[in-house]
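Undergrad: The residues making up each chain are set out below.
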Amino acid sequence: DAGVIQSPRHEVTEMGQEVTLRCKPISGHNSLFWYRQTMMRGLELLIYFNNNVPIDDSGMPEDRFSAKMPNASFSTLKIQPSEPRDSAVYFCASSETSATITDTQYFGPGTRLTVL
Amino acid sequence: GNSVTQMEGPVTLSEEAFLTINCTYTATGYPSLFWYVQYPGEGLQLLLKATKADDKGSNKGFEATYRKETTSFHLEKGSVQVSDSAVYFCALRRLSNTGNQFYFGTGTSLTVIP
Chain A
1 DAGVIQSPRH
11 EVTEMGQEVT
21 LRCKPISGHN
31 SLFWYRQTMM
41 RGLELLIYFN
51 NNVPIDDSGM
61 PEDRFSAKMP
71 NASFSTLKIQ
81 PSEPRDSAVY
91 FCASSETSAT
101 ITDTQYFGPG
111 TRLTVL
Chain B
1 GNSVTQMEGP
11 VTLSEEAFLT
21 INCTYTATGY
31 PSLFWYVQYP
41 GEGLQLLLKA
51 TKADDKGSNK
61 GFEATYRKET
71 TSFHLEKGSV
81 QVSDSAVYFC
91 ALRRLSNTGN
101 QFYFGTGTSL
111 TVIP
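For the record, the sequence lines run as chains A and B.
Sequential numbering of the first sequence, starting at 1, is according to my numbering.
Sequential numbering of the second sequence, starting at 1, is according to my numbering.
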């Protein structure tokens, strides 16, 4: 398996522009997570999907952030409009949810976002 | 609530030194416990895990034992190498009626010098 795939790997944009980050989870995994990592705040969970349904979006900073999962193999995280304080590395992770399986999260390589 | 607390870094050790990174947790029910490692410029990778009390997870010379009585999952390695330099995250996973809930510690940066 190719693992969790994220694109782009790097994104540089100007303040006010829309940014879309993409994630393809591992095939067969039914849980998907979006995280943000910064030096100041560490690793923060933004939103979590189970079977394509958003379960917990309490970590989404504000209305400028939105996430979708239209099907089991694709998710997007959109920031509109972007601001310099959104600069961070954004990770996508997936896992298999089951009461009987230890559900390790598998992380993608991350998207490094810089908002100028 | 559920949370993970791990020792603050950064930690700097000489090659072949003994490593301990402390991790304690607060959780309802019976969580699974994990250590993840993040090498520079990469995503987090699973290092080891334990699913129940007294289980020992081990990988690449690292070990951690799930201690329910002390709610701890300390990471240890007997002899670190320069290649172990990375950030280490302790995490717990709790299965609820809505699915997985993962909680990560703040990460501990380790630098091993030759």
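Think of the hints as simulated: they come from the structure by calculation, not from any bench.
Treat each hint with caution, since some may be false.
[Claimed, not checked] Restraint ranges, calculated between C-beta atoms of paired labels, are given here:
id, chain 1, residue 1, chain 2, residue 2, range
1, B, 71, A, 17, 28 to 36 angstroms
2, B, 106, A, 71, 32 to 40 angstroms
3, B, 13, A, 40, 19 to 27 angstroms
[Claimed, not checked] Sample of chain A residues facing chain B (criterion: CB under 8 angstroms; computed from the structure):
id, residue
4, 43
5, 65
6, 104
7, 110
Where a beta carbon is used, it is the ideal one built from N, C-alpha and C, also for glycine.
Undergrad: State for each hint whether it applies.
TA: Quick rundown of the hints versus the structure:
1. At roughly 45 angstroms, the beta carbons of residue 71(B) and residue 17(A) sit outside the given window of 28 to 36 angstroms.
2. In this structure the hint that residue 106(B) and residue 71(A) lie 32 to 40 angstroms apart at CB holds, the actual value being about 34 angstroms.
3. For residue 13(B) paired with residue 40(A), a C-beta distance near 26 angstroms keeps the hint of 19 to 27 angstroms intact.
4. Hint status for residue 43(A): holds, given a least beta-carbon distance of 5 angstroms to chain B, under 8 angstroms.
5. Given hint, residue 65(A) at the interface with chain B, is violated; its Cβ is 19 angstroms from that chain's nearest Cβ, farther than 8 angstroms.
6. Interface hint status for residue 104(A): upheld, as the beta-carbon distance to the closest one in chain B is roughly 5 angstroms, under 8 angstroms.
7. The beta carbon of residue 110(A) is positioned within 8 angstroms of a beta carbon in chain B (closest approach about 5 angstroms), and the interface hint is therefore held.
Figure legend: structure checked against the earlier numbered hints; hints not met, in rising order: 1 and 5.
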